[in-house]
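J.: Read in order, the letters of the sequence shown are residues 1 to 416 in UniProt numbering.
Since the hints were made in silico from the structure, they are not lab data.
None of the values given here were measured: they were computed from a predicted structure.
Errors might be hidden in some of the hints.
What the hints assert, rightly or not - In silico DSS-like cross-links for lysine-lysine, where the CA-CA straight-line distance does not exceed 25 Å: (1) K297 <-> K387; (2) K230 <-> K315; (3) K242 <-> K315; (4) K242 <-> K230; (5) K387 <-> K315; (6) K297 <-> K242; (7) K87 <-> K57.
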Amino acid sequence: MILFLLAANTKGRWWLGVRSIEEARSADLVRVAEGEGVALEVRNGRYWGLCPFHNEKTPSFTINTEANTFYCFGCGAHGDAIDFVRKIRPELERFDAAVEWLAAQERAAAPPETASEEVVAAVDVGLLRACVSRVADAYARALVAPENGAARLYLRSRGVSARTAGAFGVGVASQSVDGDATTLEAAGLVFPGTRRDRLAGRLVLPIRDARGDTLGFGSRSLSPDDARPKYVNSPTTPIFAKRDALFGLDLAAPHIREADEVVLVEGYFDVLALHDVGLRNVVGVLGTGVGFSQIEKAARFCDSRRVVLALDADKAGIEAVSRLCTHVIPSLADRAGLDVRVARVVGFKDASDFVFDRKVVRGITPDDDIRDEFQRIVVDAAIPWHKHNHLTAFHHGDAKVIPDLAAASSSFLERR
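Let the hints inform the model, and build the full structure from the sequences given.
T.: So this is what it looks like as structure tokens:
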């Protein structure tokens, strides 16, 4: 891994951190330009203003927020944020000076993670729902755009069909979001005080309620250069709380009623993979921090109140199930009338890897065969929650502990 870049010019040599250069290049060019006195307005998805590099009466200077670059149709000036400050500030003409200044500005301008109480209070919940729904539609449309081929390729690499991606509204987030700034901020779609999309450049997965209304989003990085966590969710807002959310609930609800049981998996791609092969009474809990409210919410859709926990077979997933069976379920399951069971996807990290192995690696067809096998060896083999902690230390039958992940296929782990 290259940690530093040695740059040189006629005035000497200096070391520049690659991270600083990345920070400088990714600096919000709209904010930088406005900070230098350029008045901008949005037209057709771009920012326009009078060029600061030559005299003009009609705006010909434009900023493309997708690429974070500028171009003047009058004088031809163009470039990224570094080029802009080198051109507009004589004291920052040197590349290293511009990078250091921009990186410092970007760190100082790092926004708070969530909207202020005042901003949230100023926006009606109905407006928040409408705003999130509109943005979800825009994300979904972006998935089929020519420039987002990498996102489509990634979905194919995970075995997710275009049909399933469309049903779940999978999309791609751009660098900025159009709409009322206050509403966007209150909805958790942009960083406070900016129009920078929180999920910019990432694959996004709408998290909907049982009626199909989008409340928030999950996301996954598409680039190895993305310094953010691999998975990022929307922050808590008046209409979204991760601790109560279930991914895929709207599509799963009728199938939960039909099957009279619900399968809770950990990740987005577990839900997508199982849905793709026809097992559709499945919802995702957005990580290992599964709470009783999520379990109880999922159980509302079946008369049996049967919930099958099929979390990941890694250390975090196993510990999450043990925690639930030790501290959460004992005091609440009987009171809520729940039939909670614990399943294991033996030999694989999760349901997504199981489906990938059967569908892509082994080429098993039709999909119904994969669905039926998962139902038989995972869901139907689930054990009652109160037996879980007595059996996890042994390797007997259905209760055997998942094999060490080091023995699992490295290709599976790399795909995640």
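J.: Tell me the numbers of any earlier hints that the structure contravenes, in ascending order.
T.: none
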